[in-house]
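Participant: Could you put the whole structure together from the sequences, leaning on the hints where they help?
Line by line, the protein sequences give chains A and B. Under this note's numbering, the first residue of the first sequence is numbered 1, with each subsequent residue one higher. Under this note's numbering, the first residue of the second sequence is numbered 1, with each subsequent residue one higher.
Keep in mind the hints are simulated off the structure, nothing from the lab. Among the clues, some could well be false.
Stated by the list, open to error - Think about it this way: if two alpha-carbon atoms lie no more than 35 Å apart in a straight line, the pair counts; the simulated DSBU-like pairs of lysine-lysine are:
| id | chain 1 | residue 1 | chain 2 | residue 2 |
| --- | --- | --- | --- | --- |
| 1 | B | LYS671 | B | LYS873 |
| 2 | B | LYS671 | A | LYS22 |
| 3 | B | LYS708 | A | LYS2 |
| 4 | B | LYS801 | A | LYS42 |
| 5 | B | LYS712 | A | LYS23 |
| 6 | A | LYS86 | A | LYS23 |
| 7 | A | LYS22 | B | LYS712 |
| 8 | A | LYS86 | B | LYS733 |
| 9 | A | LYS2 | B | LYS712 |
| 10 | B | LYS708 | A | LYS22 |
| 11 | A | LYS86 | B | LYS738 |
As the list claims (entries may be wrong) - Among the chain A residues that face chain B by a calculated CB cut under 10 Å, a handful are:
| id | residue |
| --- | --- |
| 12 | ASN12 |
| 13 | LYS86 |
| 14 | ILE90 |
| 15 | SER107 |
| 16 | ILE108 |
| 17 | LYS109 |
Backbone N, C-alpha and C define an ideal beta-carbon position, used for all residues, glycine too.
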Amino acid sequence: MKKILIVDDEPNIVMSLEYTFKKNNFEVFIARDGLEALEILKTQQPDIIILDVMMPMVDGYATIEQIKNNPKLTHCKVVFLSAKNKQQDIDKGLELGANLYVVKPFSIKKLVEQVNDLIQ
Amino acid sequence: MSSIGLLIVLAFYVSILFYIAHWAEKKSHSKWTNNAYIYSFSLAVYCSAWTYYGSIGVAATSGLSYLTIYIGPIIIIPTWMIILKKIIRISRVNKITSIADFISLRYGNSRFLGALVTLVCIFGILPYIALQLKSISDTFNIVTRTQSSTNIFSDTTTYVCLALALFASYYGTKYVDASEKRRGIVTAVAIESILKLVFFIIIGSYVTFFVFDDFDDIYEKAALLENFAQKNTIGGLSEGLNWFFLCVLSMFAIFLLPRQFHTSIVENNKEKHIQTAIWLFPLYLLLFNVFVYPIAWGGNILFEGQHLNADTYSLLIPQYFDNKFLTVMVFLGGFSAAISMIIVSSISLATMLSNNLLIPYGFVGSLQDISEEKNSKRIVLSRKIGIFLLILFAYAIYRGFVLDYSLVSIGLVSFVVIAQLAPAFFGAILWRRGSKKGAVTGIILGFLVCLYTILIPYAIGVTKSSSTFIQEGPWGFTMLKPFEIFGLNYLDPIPHAFFWSMLLNVMSYLAVSVSFKGNYRERNYAEMFVDIDKYITNHENAFVWKGIAYVSDIQKVLKRFLGEARTARALAIFNLKYNVDKNNNTADAKFIKFAENLLTGHIGTASAKILIASVIKEDKISLPEVLRILEESKENLIINKKLTDTSRELQTISEQLKDANIKLVNKDIQKDEFLDTVTHELRTPITAIRAASEILHDDDDIPLEVRKQFLKSIITESDRLNRLIDKILDLEKFETGKQKLYLSKNNILKTISNTLTPLQQLIKNKNITVVFDPDSDEIKAFYDEERIIQVIQNLISNAIKFCSSSSGKIAITVTEEQQNVVVKIYNNGNEIKAEDRESIFDKFYQSRDQNVKKPIGSGLGLAICKQIIELHKGKIWTEKTSAGATFIFTLPNYNTKENSPL
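Facilitator: Put into structure tokens, the structure is as follows:
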């Protein structure tokens, strides 16, 4: 069973993601911000991390830097999920090492497909 | 004292002098040799043996008139700030090294005028140098109690002359470029000036306080002597006129004597030094005069009736009391005064002789073809020979002519001869019309008058009363008696000669200058000299020239004098200064003037012009054209200044524009940020709605409970979206001023309790204690109740959101002040950080404090509150409160008071 970590501060968005990925046979971990995510990543090595950019405390950019610097998480794929949809935001996200940048609002069905492509 | 003993002392003294010069030459950039005091003391080369011995002689025999040669300079020195500064600037930019260069350059760089000035200087100064030699010889004989020797080999002065010639030719010609500073000589002269003053004051004090009791003692005893009263008054009108002419004469001398021109102008390396000189030098002259009178009259008292040479009283008095030490000291002081004068004068005259006479009339042609090294050697050699020749000539005059004149009389003859340069000299910097023809005529006529009225009579021998030429005039023409021309019989010979020569000189200079216009070159230099301050930075611009010239030709000439490396360096500097392309081969006026200047220090202005002119082809320019070009160049200067002013203004404006632009950009950035945040805030609920709807749409197997949760989330997110849109529109209305306020008189307590009512349930649910007393007195103010409810609701909602979750407490207090109603809403939640207190009212501001959870809300509430309160002319802010946060807003109440003026 693949592991997924969802990091977002919007409970209603998290709820939809959690439901969908569980249904697609993922083991789901939830974090409401970067700090919580890094806490979880101390014990868990998920296959994929879905990361919002604008969050309180530690934002998405700072979180991915921590992830990329952690040798235990090298296999871990990262997908940014953000309402920031300007090209420069997307470029920045990919430069920081994200495997995919999905802009909000998004199709949840398509997201699942893209995630599955990534981890295969 | 024995001759041998005194010679040893002299040798020792001269070697110290050599050492000082040597040391100063090595330290030529040190502050010890380059300061205003060295400069000021070097000017005291003015005080020659004449001052040192001669003043005493005059004071003893004729009385007060010795003062005139000090009064003149002291009167004129304050003008140095303007005149001397101007001359220094002109000389610096044109590399002028002598008064002959100065005058000849101004009158069209005339070779003839330079030579004429040189001759006048030599005629004037050589007897004067001879006079210094005489003083050395006389005083040597007094100190050693020997008779003057007729055999040149046993005359000490012969050897002194040789030593001086060696010293002057070695240190005076160290550099080929005569405009280089000679720190060694100048420092040695300055030290000698200090020594001669100190020695003079010592002997003065000795006479006044040891030989006599004090000044009063001398005065009382002297008053008993014959003619005392008569010698100590200026006298009547005719004596007054004599005084006047002598004062004017010495005023001229302080500018024109070659040694003064040399020390004050050629050796000046900072204009600022003049500021020190204008007080220190007059002070020096005054100090020199304090003891002239006591020594003179002391001598008269001591040696009454012995008919001794009063010039030498300062030596005779200590000798009379057998004080060998003081006698030798006074001798050394006088020796210093004499040799300083001889050295500086001979260097200065030798430079003139070589640069204005020998080179331009002699070997300038042969200088063109040989190497730089050989040229430099020849130039230096010509100066060395010049110095030797001059001192030799002076020696010859000393042996042949002046053995029986007093120091002062020959000194004044010198002054009168040199004064012939005055009209051309002062005209040079003050009068544009002064022309070469005028200057030449004036100098020649003035000099001829001098020749007739003093030089010839003095050569014949003034004292020979048997001379019929002096007594009766030539061939019995009494109107032409050399001392009483046209029957002018109330002036002494010197003022008399000065008066007639100056009269003729000035008149002819003015008349000829006005009648015959100078050529274009003269007029060009006239402009440069008179308006030097305008041209000081780019003086090459002021040189007018037209014709064909090539840089490479001129370069070849320069190399022969400066050498390869210095020529290249000078050219690089020129190209840099005037932004000229180094491959440019056509020489313009600027370059020609620049090249002439480079050569001037080596070979003088006249030869520099001759050499450069030999490789260029000059077209004649008419005088009006020169004036037009100069006018243009002046206009250019003015236009340049205007342009600079304008460009400065433009710069200011462009900076203002830049500022405005930055503000606009900042505003744009703010606007962009606002839009970014708004779209982000809008997208978030849409994302949630879209995700939930998609699941509901695609998945038919959702358990009912979960389905309801999704539907609920769609509803809340839609509401959130709607609220957000409302608030954005609200804010936009407030910000653009479209929102109108509907003011009415309301009770603020009532408004608050009305706002609280719908929130009661929420408060109860969250177990929050609210402290508020709505039943106290009415507190009224004019406001738009709906809007203020919005503010209070927002603040109370925030308070509910942020107050302590376990035992929440909210306190609302209302107070009435003189002009305001103040509402405070406190909650016992987290404090608001100091850095957030202001920005918390910004749109979409989120606390940078990472420990505060993101509040659930639009991020616009407080921004809207601020707009509403400010529209009511109130204020809203937050205050630090112990354990909790307090928001405060005020509403003005002055218009609700019964007695309000409004």
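Participant: Please name the hints from earlier in the document that this structure breaks, with their numbers sorted from lowest to highest.
Facilitator: The structure conflicts with hints 2 and 14, although it agrees with all the remaining ones.
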